[in-house]
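Engineer: Given chain C, put chains B and V in place with the hints provided.
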Amino acid sequence: MTFTQKDIISIRDFSKKDILEILKLAEKMEPIARSMEICQVLEGKLLGNLFYEPSTRTRLSFEAAMQRLGGGVIGFAEAGVSSATKGENLTDTVRIVGEYTDALVIRHNMEGTARFVADEVDVPVINAGDGAGQHPTQTLLDLYTMQRILGKIDDLHVALVGDLKYGRTVHSLAYALGMFGVKMSFISPVELRMPREVLHDLSNSGIYVNETEDINEVLDYVDVLYVTRIQKERFPDPAEYAKIKGAYLINSKLLQGSKAIVMHPLPRVDEISHDVDNSPYGKYFQQAFYGVPVRMAILKKLIK
Amino acid sequence: MTFTQKDIISIRDFSKKDILEILKLAEKMEPIARSMEICQVLEGKLLGNLFYEPSTRTRLSFEAAMQRLGGGVIGFAEAGVSSATKGENLTDTVRIVGEYTDALVIRHNMEGTARFVADEVDVPVINAGDGAGQHPTQTLLDLYTMQRILGKIDDLHVALVGDLKYGRTVHSLAYALGMFGVKMSFISPVELRMPREVLHDLSNSGIYVNETEDINEVLDYVDVLYVTRIQKERFPDPAEYAKIKGAYLINSKLLQGSKAIVMHPLPRVDEISHDVDNSPYGKYFQQAFYGVPVRMAILKKLIK
Amino acid sequence: MTFTQKDIISIRDFSKKDILEILKLAEKMEPIARSMEICQVLEGKLLGNLFYEPSTRTRLSFEAAMQRLGGGVIGFAEAGVSSATKGENLTDTVRIVGEYTDALVIRHNMEGTARFVADEVDVPVINAGDGAGQHPTQTLLDLYTMQRILGKIDDLHVALVGDLKYGRTVHSLAYALGMFGVKMSFISPVELRMPREVLHDLSNSGIYVNETEDINEVLDYVDVLYVTRIQKERFPDPAEYAKIKGAYLINSKLLQGSKAIVMHPLPRVDEISHDVDNSPYGKYFQQAFYGVPVRMAILKKLIK
Numbered sequence: 016m017t018f019t020q021k022d023i024i025s026i027r028d029f030s031k032k033d034i035l036e037i038l039k040l041a042e043k044m045e046p047i048a049r050s051m052e053i054c055q056v057l058e059g060k061l062l063g064n065l066f067y068e069p070s071t072r073t074r075l076s077f078e079a080a081m082q083r084l085g086g087g088v089i090g091f092a093e094a095g096v097s098s099a100t101k102g103e104n105l106t107d108t109v110r111i112v113g114e115y116t117d118a119l120v121i122r123h124n125m126e127g128t129a130r131f132v133a134d135e136v137d138v139p140v141i142n143a144g145d146g147a148g149q150h151p152t153q154t155l156l157d158l159y160t161m162q163r164i165l166g167k168i169d170d171l172h173v174a175l176v177g178d179l180k181y182g183r184t185v186h187s188l189a190y191a192l193g194m195f196g197v198k199m200s201f202i203s204p205v206e207l208r209m210p211r212e213v214l215h216d217l218s219n220s221g222i223y224v225n226e227t228e229d230i231n232e233v234l235d236y237v238d239v240l241y242v243t244r245i246q247k248e249r250f251p252d253p254a255e256y257a258k259i260k261g262a263y264l265i266n267s268k269l270l271q272g273s274k275a276i277v278m279h280p281l282p283r284v285d286e287i288s289h290d291v292d293n294s295p296y297g298k299y300f301q302q303a304f305y306g307v308p309v310r311m312a313i314l315k316k317l318i319k
Numbered sequence: 016m017t018f019t020q021k022d023i024i025s026i027r028d029f030s031k032k033d034i035l036e037i038l039k040l041a042e043k044m045e046p047i048a049r050s051m052e053i054c055q056v057l058e059g060k061l062l063g064n065l066f067y068e069p070s071t072r073t074r075l076s077f078e079a080a081m082q083r084l085g086g087g088v089i090g091f092a093e094a095g096v097s098s099a100t101k102g103e104n105l106t107d108t109v110r111i112v113g114e115y116t117d118a119l120v121i122r123h124n125m126e127g128t129a130r131f132v133a134d135e136v137d138v139p140v141i142n143a144g145d146g147a148g149q150h151p152t153q154t155l156l157d158l159y160t161m162q163r164i165l166g167k168i169d170d171l172h173v174a175l176v177g178d179l180k181y182g183r184t185v186h187s188l189a190y191a192l193g194m195f196g197v198k199m200s201f202i203s204p205v206e207l208r209m210p211r212e213v214l215h216d217l218s219n220s221g222i223y224v225n226e227t228e229d230i231n232e233v234l235d236y237v238d239v240l241y242v243t244r245i246q247k248e249r250f251p252d253p254a255e256y257a258k259i260k261g262a263y264l265i266n267s268k269l270l271q272g273s274k275a276i277v278m279h280p281l282p283r284v285d286e287i288s289h290d291v292d293n294s295p296y297g298k299y300f301q302q303a304f305y306g307v308p309v310r311m312a313i314l315k316k317l318i319k
Numbered sequence: 016m017t018f019t020q021k022d023i024i025s026i027r028d029f030s031k032k033d034i035l036e037i038l039k040l041a042e043k044m045e046p047i048a049r050s051m052e053i054c055q056v057l058e059g060k061l062l063g064n065l066f067y068e069p070s071t072r073t074r075l076s077f078e079a080a081m082q083r084l085g086g087g088v089i090g091f092a093e094a095g096v097s098s099a100t101k102g103e104n105l106t107d108t109v110r111i112v113g114e115y116t117d118a119l120v121i122r123h124n125m126e127g128t129a130r131f132v133a134d135e136v137d138v139p140v141i142n143a144g145d146g147a148g149q150h151p152t153q154t155l156l157d158l159y160t161m162q163r164i165l166g167k168i169d170d171l172h173v174a175l176v177g178d179l180k181y182g183r184t185v186h187s188l189a190y191a192l193g194m195f196g197v198k199m200s201f202i203s204p205v206e207l208r209m210p211r212e213v214l215h216d217l218s219n220s221g222i223y224v225n226e227t228e229d230i231n232e233v234l235d236y237v238d239v240l241y242v243t244r245i246q247k248e249r250f251p252d253p254a255e256y257a258k259i260k261g262a263y264l265i266n267s268k269l270l271q272g273s274k275a276i277v278m279h280p281l282p283r284v285d286e287i288s289h290d291v292d293n294s295p296y297g298k299y300f301q302q303a304f305y306g307v308p309v310r311m312a313i314l315k316k317l318i319k
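Residue numbers (the numbering used here), protein chains in the order written: chain C, 16 to 319; chain B, 16 to 319; chain V, 16 to 319.
One chain only, chain C, in its complex shape:
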């Protein structure tokens, strides 16, 4: 066992060996996540779920993960029902909930919050998204999805599609895929290109990266289309947004003949057509499910 982190804050704290250890354990968790096996390994343990921003998937999948392992959950789903409304500062709240529980999950809109919290409390802290910062369990489940569906991560060719500038998910994922030597194509409008430093970091590590505005260029050879939402607010001109939206719409017709699976961190708005959902291409619901065994593995690793 090489995994020795107290907290899960950033995917950058993981070695490739650490990641593989989590993915391997996640695979053992799958039958429990599907309730084909019963497991009470976290019986008597409590998770504190502190969601200062609403999130269906992440919050509920942590709650599912903890309960599938026999543990309990306390917490809040939005800042409004916490004592934040009485002016209590974040530190006091997390320290107190840390006293009640065996681990904390925190989502907050301010970058750096999870790291700060981890330094304040004794119990393990899991970052469930801190603003423009990190969301490491999303990256782990993305990797797990590729491994489970495609049988491997090494040697894949993954296209990241959409808003590559502001999306925290794609930055973390690109970095992690780099650890596996994965070839990457970055597909985005010019305005939303992957930050130059990410590109340089990957190139310097000897990773193959190409960049284009046209999704059609890569459809013949990529294994994964990892799609993210392009937000209207990024474009001052609605006409420009409409044009771009159309150019990046993923539908069955576009995919015809491609071997790629389509992934998405969800929620989507309309960047993937519903005719992809039940096609052999659409894997984003399965990907969402894989959040449960991956988070089970993490909880099992962290909670003593």
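Because the hints were derived from the structure by calculation, they are not lab data. Heads up, some of the hints might be wrong.
For chains that are exact copies, the list does not tell them apart, and a pair is met inside one copy or across any two.
[Unchecked claim] Below, simulated EDC-like cross-link-like pairs (lysine to aspartate or glutamate); rule was C-alpha separation at most 20 Å, straight line:
no., residue 1, residue 2
1, K315, E58
2, K258, D229
3, K315, E52
4, K31, E58
5, K21, E286
6, K260, D285
7, K43, E58
8, K180, E45
9, K39, E52
10, K32, E126
11, K274, D238
12, K319, E206
13, K198, D235
Structural biologist: For chains B and V alone, kept in the frame of chain C given last:
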């Protein structure tokens, strides 16, 4: 065992035999619902509770039912804390939560939602009320209440009182009572009469039905007064509403000498006087309790 | 066993013997609260958590306490998601949730609510704060904190600091400390002095009490500084508030040389400096933790 439904969407999907099977199982659940016995039959299972509209009774009784059987619950109590605020569509949310859980309960303000959802997901779906549509577990607990308190359903005479036009509860209940050959009296102001098609359906099935505006006419012989709320918004003229409200107020004085028990789906506002609550007539709190063993029976039947 | 209360409404319902019985049981609960031992003594039981006002600490510590003992929790964290929005009255809601559960915890902004509710329902009711009224489990955990950290309650000298006029916590605590013959110093601005009747009650019982505006007078000899928040709204003149706030600020420099521990019911705003948090003086997070074993003891005593 005749009960083979994957989902619980409408009471119209039930045969009389199906209903009796649920009621029989509910009776076995009662000591567990009262925590006189411990049962872990749904250990390791998870229920997804998706309440797009707030509801104390229905939501909490499903949570109680699931936990009394050793299972866990995830979900949300109002649309605000779901990803609906990020523009995610209903289908995606329910598919994802369906991936995390072994069954879904859904309440939504739009008629037909539960049926639509059931077609989208693999796990069983229970309709906990869809707008003006169905609320089948309410009907089942209504029937169970009659059977437990009066010892039978067949041969009863039940008066449905109040708003019989808009109340979804009374339409479903009337239909179900018809399956048991129950005699029915419909007591309402003219403006809020039972829809003609319900009356015709029942008459065509040979069910005895009478209709009146005056509750006093039936007090001597009915076994059950099933009271529903008359909403102020139904009347353009406040004076008309006030008059009608008075004419349908159930209190101890009115009930004196009657053998009827008083039921109500709750919440009530002021259509039943508080002096009925602890009288031998008032059975609506017991009725609320019966929601737990009935929902336990349903969860036990559906979750594999 | 002398403890025979059905409900926990006010600390005034407790004898000293009752209190000691709870504190003794709380000590047995501690290893379970720290998840060093697993306990399923409330397996199959359900707690109804009815929070008509938000509260992180109290709500979550009750949820933690119940789950650490193997029980489940249902309820709501704010009135908005209950049927209160449909006009349902409090009594109906609590009676119904009482039917679903084995005990109720209630917080409400109206004084007297918990006592009223306890008379309406069969299950045990625990007052988790009713407006300007009582919050007995807070007092019990305050006493437990002193006993665990200082080894005793009798013979201590406790200073109550801050808003002694409006703070319900300090009134209940002063009364309870009186039962243990504890010497008390009341430190507050003149505008926020302890009510005269509390002083007279304590003096008449032979309790040593002194009163001062200057915290420096007591720092040499008190064992506990129990600090409460001074609210800006109490002062018509912002300048006056600023002056008073400064005079009652607890920081490491002020405490230097004192043997006192610092307690606070939390949430604090800025009446205790953060440099006290991790000093040997600061015990308020430990105090928050002690809320769990104390509430476990109470749940264990009440739920049959």
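Engineer: Should K258 paired with D229 be assigned to within, between, both, or neither, using CA atoms and 20 Å as the limit?
Structural biologist: within (13 Å within a copy, 65 Å between copies)
Engineer: My question is about K32 and E126: at a cut-off of 20 Å on alpha-carbon distance, are they close within one copy, between copies, both, or neither?
Structural biologist: So K32 and E126 fail the 20 Å test inside a copy (27 Å) and across (51 Å) alike.
Engineer: At most 20 Å between CA atoms: does that hold for K39 and E52 within a copy, between copies, both, or neither?
Structural biologist: within (17 Å within a copy, 29 Å between copies)
Engineer: How would you label the pair K315, E52 (within, between, both, or neither) given a Cα cut-off of 20 Å?
Structural biologist: both (16 Å within a copy, 17 Å between copies)
Engineer: Using 20 Å as the alpha-carbon threshold, which applies to K274 and D238: within, between, both, or neither?
Structural biologist: within (6 Å within a copy, 67 Å between copies)
Engineer: Within, between, both or neither: how does the pair K43, E58 come out at a Cα-Cα threshold of 20 Å?
Structural biologist: Cα proximity of K43 and E58: in one copy and across copies (18 Å, 19 Å).
Engineer: From the Cα coordinates, with 20 Å as the cut-off, is the pair K198 and D235 best called within, between, both, or neither?
Structural biologist: Cα proximity of K198 and D235: one copy only (14 Å, versus 69 Å across).
Engineer: Evaluate K21 and E286 at a C-alpha cut-off of 20 Å and name the case that applies: within, between, both or neither.
Structural biologist: Classified as neither; 37 Å inside a copy, 32 Å across copies.
Engineer: Treating 20 Å as the Cα threshold, decide for K260 and D285: within, between, both or neither.
Structural biologist: within (9 Å within a copy, 49 Å between copies)
Engineer: How would you label the pair K180, E45 (within, between, both, or neither) given a Cα cut-off of 20 Å?
Structural biologist: Cα proximity of K180 and E45: none, with 33 Å in one copy and 49 Å across.
Engineer: Given identical chains, is K319 near E206, meaning Cα to Cα at most 20 Å, within a copy, between copies, both, or neither?
Structural biologist: neither (46 Å within a copy, 50 Å between copies)
Engineer: How would you classify K315 and E58 at a CA-CA limit of 20 Å: within, between, both, or neither?
Structural biologist: both (11 Å within a copy, 19 Å between copies)
When the structure is compared with the earlier hints, violations turn up for hints 4, 5, 8, 10, 12 and for no others.
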